[in-house]
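Here's the letter readout for the chains.
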Amino acid sequence: MSETDLIDAVLDRHRRDGTRLMQILRETQEQLGWLSPATMTHIAAAIGWPRAMVSGTASFYSFFHTRPRGRYCVLWSDNITDRMLGNADLMDAMCKKLWLEPGRVSEDGLVSVNTTSCTGMCDQGPAVLVNYRAIPQMTQSRLGEMVGLIRSETPVSEWPAEWFAVEDNIRRRDILLAHDLGPGQALSAALQRGPEKTLGEIKEAGLRGRGGAGFSTGLKWEACRNAPGTGGNPAHYVVCNADEGEPGTFKDRVLLTSYADLVFEGMSIAGLVVGAKKGLLYLRGEYRYLLEPLESALAVRRQANLLGKNILGSDVEFDIEIHLGAGAYICGEESALIESLEGKPGRPRIRPPFPVTRGYLDQPTTVNNVETLAASCLIATYGGAWYAEHGTEKSTGTKLLSVSGDCERPGIYEYPFGITVRQVLDDCGATDSQAVQISGPSGICVAAEEFNRRIAFEDIPTAGAFMIFDETRDMFEVARNFAHFFAHESCGFCTPCRVGTTLVQNIMDKIAKNHGSPYDIDELFKLHRLMQGASHCGLGNSACNPMFDTLNKFRPAYERRLKSLDYEPACDLDAALSQARQMTGRDDAAAHLHNEEKT
Amino acid sequence: MSLTFQLDGEDIAFTPGQSIMQAARAAGVYIPHLCWHPDFPAHGSCKLCTVKVNGRFGSSCTMEAQAGMNVENRTAELDDKRRTMLQMFFVEGNHFCPSCEKSGNCALQATAYELKMMSPHFDMFYPDRPVDASHPDVLLDFNRCIMCSLCVTASREVDGKNVFAMGGRGILGRRIHINSESGRLADTDFALTDRAASICPVGVILPKRRGFDVPIGKRTYDKSPISEQVKEKAP
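Protein chains in written order, with our numbering: chain A, 155 to 753; chain B, 119 to 353.
Keep in mind that the hints were calculated from the coordinates and are not lab data.
Where is the CB? At the ideal position from N, CA and C, for every residue including glycine.
Among the clues, some could well be false.
As the list claims (entries may be wrong) - If you want a taste of the chain A side facing chain B, the calculated C-beta under 7 Å gives, among others:
id, residue
1, A206
2, G646
3, P650
4, V653
Claimed, not checked - List of simulated lysine-lysine pairs, BS3-like, C-alpha gap at most 25 Å:
id, chain 1, residue 1, chain 2, residue 2
5, B, K341, B, K234
6, A, K680, B, K234
7, A, K548, A, K357
8, A, K667, A, K707
9, A, K680, B, K170
10, B, K349, B, K336
Between the sequences and the hints, there should be enough to build the whole structure, so can you do that?
Shown next as C-alpha cells:
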C-alpha cells in the first residue's frame, strides 16, 4: 500500500469528516510515523478544510509530529512524583547509552528521548511512553534491556508483555468501587423510572462534579435537557471527560480499566436524562493502550442491547464513540475538550454560552467527569436519598483519591467525603509528611499544621490527586516542577497566561540557580495577582497557585537560595561561556569565570 | 428610557446584546484593547480590555452590558495590570519601534504610550521568528505578532480565503499558519487588496514599497493619543 492509499483508508474510515480530524491525524501518524507537509495537504483537501487549519491543529498537540520523529519515541513522564522516583537519572542514563541529547532525534533517525507531562502512572513510576505505549515502573535493569531492544530495532509489540502491565492498586473500596451492580442494572432502573424522575434522583442525591469544580450534576443535566437543539440537525450530546491530565491524578484510568461498564452505563443514563442519542468519551492520549479494551467493552454492551436502538426493549436510542486526545492538558477544560472533539486546537471558548446550551457542534452538551458518571449509576439504582446519606451535607457520596509520593501504599483510595488529610496519610502509610499537594498543581498545597482539614467541597475540593512529600523533599523544587508544567501546557491564547507562565518558570529557574533576590519573590506575587484575575480560563488563573502556596507555607525553601541583594540579573556570565567550552573541549577551572564571593 | 450602566462613574447607554466595549466605544470612552476591532466578533485574547465588573475581573469585549452594572476601567489597579501585559507583549516578540516602519501607526506602540509604559521591565525572550518576504506585494514580519487573530478573521469573514490560521501551543508554538504546503505567503491566493492586508494593528503585515509614504511625525498616533481618537470618532 502506498502512503496515499494508507491515508485514504484512514480518511474513509472517518467518512472524510473534518470534526474527526484528531482521530484522522493520530491514525495516520500511527501508520506513517509523522505528519509530513504533503500528508497534511492531502488530509486538508479530503476533508475540505483550509490547510492552515489542519497544520494549526496538528501543531497544537504534543503527540502529533509535524517533523520526522525517531522510529522509537521515548517520553519520560516528568511529574514531580516521577522525579522523586528518580526519572531524571534514568533518562540521563538512557541518553548516554544511546549517545543522544534529550529532545533530539538520533542522526540515523532511530530514536528520540524526551520528557512529557504526567502520564498518570504516579503510583507506579517512573513511567515512560514508547511510541505512545505506557510502560510503568522503569528501573536501571529494564532500561538496559530497553536500549538493547531499540538498538536491535525490535518492534514495540514484541517487547516483554509484562512491561506494559499497569496495576490498579485499589487500596480502599467504598460504595462505588465495592458496588455489585450487573451490567444494565442501573440503566434499566433509570429506564423504568423515566428521565424526569431519574433527574430528580440525581438532584436529590446532591451529586457534584468529580473533576474538581464541583458543579451540581443535576443542574447541569437539567440545563442541557431544557436547552433546545439548533440548526438543521438539532441534537443533544453527552461527553465523558476522560482527559485526566492533572498531574498526580490516575483514578479515571482505574475506573476505565476495571469499571468501564459503570462509566458507559453512567453515560447512557445521562443520555436518557438529557435526551441525547450520542455520547463521546474523550480519552487522553496517554491512555492510548485502553482504546482496544474499551472498544471491546462497547461491543459487548451493543450485543447485550445496552447500547444502540431500542435499548432493553424501550424506544430509547444511545451509542458511544471514543475519541483520543493527543497530549494537551488544556483539553481537560470542558470547552477546550469540545473544540478538540471538533478537530480544532484545544482552546477554551468564550463563555457564556456554556456547553449545556451550545457545546459540541453548537448543540446542548453535558460534559461530565468519568467518576461523576460512574457514581450516577449508584443513584439510578439505589436512589438519591440513599446516596445523600454518604459523605457530608454539601459533598454527598464518596471520592476516589489518587495517592502517590512518599508513602508505603500508593494507589486508589475511595472515601466518603469529609475524610481528613491525616486519616488518608495514616491509611496509606505516610510518615514524616511535610506537605500534601491536593488536586494537582492547580489545587492546593497543604502543610502539616493543616492535616486536620477535610476533603470536601466545603473545605478542600479535589479532582483526586493526593501527592505526598515527606520531610526530605524540597518544596521549592516541587513548585518549580509545576511552574514548568504550566508553561508547557499553556495553550497560548491569552497574553497573561501565555507569557506569564514562562516568566514564572524563568524566575523559578533563576532562583534555582542561586541568582534570585527578594525582588524576584515580589515579581512572582505580582504575576500571580495578574494571571489570577485576567487569564482566559482556569489554567492561567491557577498557574501560580503552587508558587503562592509554597511561598506562604515553605518560604525558607526559597530564601535559602536567594542572594541578599535587592536585584540580581538573570544572566549568568559563566553559563554564557558554555558554548565556547564545548567547542574547545575544555572544562577545567581556568575555563570558568568565578563569582566574586568565591574568589 | 434607555438602558445604562456605570463606567468609571459615568452613565453609558447601551442596547441589549452590546458588549461593554461596544457601548463604551459608541459613547466615545476608550477602554484599552488590541485584539478587538469594531468590525469583527470579539476574540478576547489580549486581555488588555480587562475591567472590573461589580468588583470582578472580566474582558469588556466579550462581556455583555447589563443595566445597572458598575464597571471600573481606567483605575490605577487596572492600568497597572495593563502595563504589565503590554510589557509581556514587548518581551515575547521582537519590537524595535525605531526601526519599524509601522511606528506611529502601531496600536501596540500607541497603547504603550497611552498607558505610560516606560520600559519592557522583564527580560527579553528574543524569539527566532523568520520573516516571509515571498509575496510580491506584502511582507510578513512575525517578530511583531501579538496573536490577535484579526488577519485570520478578516481573511475568513471578509475575503473568504482563509489565508491565515492560528496554530501551535504556548509561548514557543503559537503562531500564524499560512495556508500553503510551503508555508509561504506567495503560494496562497492572498492579495494586497484583501481586508486582511490592512487589518494588522502592529507591523506584521506590511505593504511593500510604501514604508515611509507618510513620514514619521504625521502618522495616525502622532496626531493625538489613541484614547483621544476614540473620543473624536464617537458619533
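Exercise for the section: May I ask which of the numbered hints given earlier this structure violates, with the numbers listed in increasing order? Expected result: none
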